[in-house]
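**Q** One letter stands for each residue in the lines below.
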Amino acid sequence: MDERQAIVDLIPRLRRYARALVGDRFAADDLVQDTLERAWAKFHLYRGGTDLRAWLFTVMHNVHVNRVRALRPTDALTDELPEVAQRAAQGDSLMVRDLDRALARLPEEQRAVLLLVALEDMSYEEAARALGIPIGTVMSRLSRARERLRTTMLELPASAKLMVVK
Amino acid sequence: MSSDLPITEADLQAYVDGRLAVGRRAEVEAWLATRASEAERIAQLRDQREALRAFYDPVLHEPVPERLTRVARRGPRSRGIALAAGWVALGAVAGVLAGWQLHSLQASRLPTLSEGASIARSAAVAHATYSPEVRHPVEVAADQQAHLVAWLSKRLGAPVRAPALDAAGLSLVGGRLLPGEGDPASGPQPAPVAQFMYQGSKGQRVTLYVRTERRDHGETAFRFAREGSVSVFYWIDRKFGYALSSGDLDRAELLRLANLVYKQLNP
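Chains as they are written, first to last, in my numbering: chain A, 33 to 198; chain B, -4 to 262.
Think of the hints as simulated: they come from the structure by calculation, not from any bench. By construction, the Cβ of each residue, glycine as well, lies at the ideal position given by its N, Cα and C atoms. Careful: at least some of the hints might be erroneous.
Short, incomplete list of chain B residues facing chain A, as computed with Cβ under 7 Å [to be verified]: (1) 27; (2) 66; (3) 174.
Far from chain A, by Cβ distances over 12 Å, these chain B residues were calculated [stated by the list, open to error]: (4) 8; (5) 26; (6) 57; (7) 70; (8) 154; (9) 242.
Restraint-style ranges between C-beta atoms, simulated for each label pair [what the hints assert, rightly or not]: (10) A:58 with B:16: 21 to 31 Å; (11) A:167 with B:25: 20 to 30 Å; (12) B:59 with A:101: 20 to 30 Å; (13) A:80 with B:36: 23 to 33 Å.
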């Protein structure tokens, strides 16, 4: 079972993506655990020789979407931006915390595309396959996600922006 | 050399991601050179990409929690294998238990036979199954104790606590969630149970098995059971059933620990 070691080796990448996707560390690891369990339960659907990483990300995406739907049936997939969250008054990680929060305010489907492309460095074709959407949709969501993240960051107070420049 | 194709938003995104062929990249750069505001926007998007990596890449170097590695190593058929192993373990202690149950019938106080037999047996099986584990004794380690307790409380539907047994030379290793007792087909879904594992300096292990009771049973005295090499002290305290198991400690030592646990849970 070479896949076992291959999957173990992919855990850090699954954790990185999950952390960016859901924010909270424990919730992220719970998502990874559910993903791994689901992957073994559905392993007969994996075609050996194809990209195991892409398949695992597809599984994670499905697990995540199902959870979000179950938890927040109404507001999870809306485009509404909540109020800007209160930021910590001090701290040298002000900028990155803002990034974290700005990311959390992206609509689910935009965040998924952005993270697969920017963090996981997937090609647009790979991201399209992992999410089961057309490549044109990947491009439009990617563009919207980046733009929204950019403007959210720009709206922050000057002190935070100075941190970015530094 | 120019392809004369208009520069699209998709080109700009691919430029940010470094996914353009060299020729096309030069065209995009030339296009941006004459459009200051677009150039600034694209520069910010490139910074954003870098910032995301800088922020989340450290996760790649964090130690991976054991619970994840364990699931990853499990393999596709492991569910059936684990179940089979569980039944073997259950069978192994069932014979021993039969004699003990007769003994317990003569007891005058609660816990009753059904309550006590069920929790002592389940606790002994769980102890025998997990305490020999070297690499994966627990699902959530003690260094994440707040999460462990919150998680188990949530799954049991009642606030559980992990008593500190350091005074007795035992440190908390962590805990795990176990399936509840009973047949879900013939009654309400059994609530899951929790197991906390402790370890002493010589590697001796003690497990505390915590079950939620359907009704308030009041309190009972400690009861002792021995399953082959596993000793169990068990008691019921209001809506919780507890069983403290060890394969290493003698009865007196285990009773002392049971008292310590009881006091911590009822300060």
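**Q** Take the hints in turn and mark each one as holding or not.
**A** Here's how the hints hold up against the structure:
{"no.": "1", "hint": "27", "verdict": "violated, 16 Å"}
{"no.": "2", "hint": "66", "verdict": "holds, 4 Å"}
{"no.": "3", "hint": "174", "verdict": "violated, 15 Å"}
{"no.": "4", "hint": "8", "verdict": "violated, 6 Å"}
{"no.": "5", "hint": "26", "verdict": "holds, 16 Å"}
{"no.": "6", "hint": "57", "verdict": "violated, 7 Å"}
{"no.": "7", "hint": "70", "verdict": "violated, 6 Å"}
{"no.": "8", "hint": "154", "verdict": "holds, 18 Å"}
{"no.": "9", "hint": "242", "verdict": "holds, 29 Å"}
{"no.": "10", "hint": "A:58 with B:16: 21 to 31 Å", "verdict": "violated, 43 Å"}
{"no.": "11", "hint": "A:167 with B:25: 20 to 30 Å", "verdict": "holds, 26 Å"}
{"no.": "12", "hint": "B:59 with A:101: 20 to 30 Å", "verdict": "holds, 28 Å"}
{"no.": "13", "hint": "A:80 with B:36: 23 to 33 Å", "verdict": "violated, 44 Å"}
Violated hints, listed in ascending order, are 1, 3, 4, 6, 7, 10, 13; each of the other numbered hints is respected by the structure.
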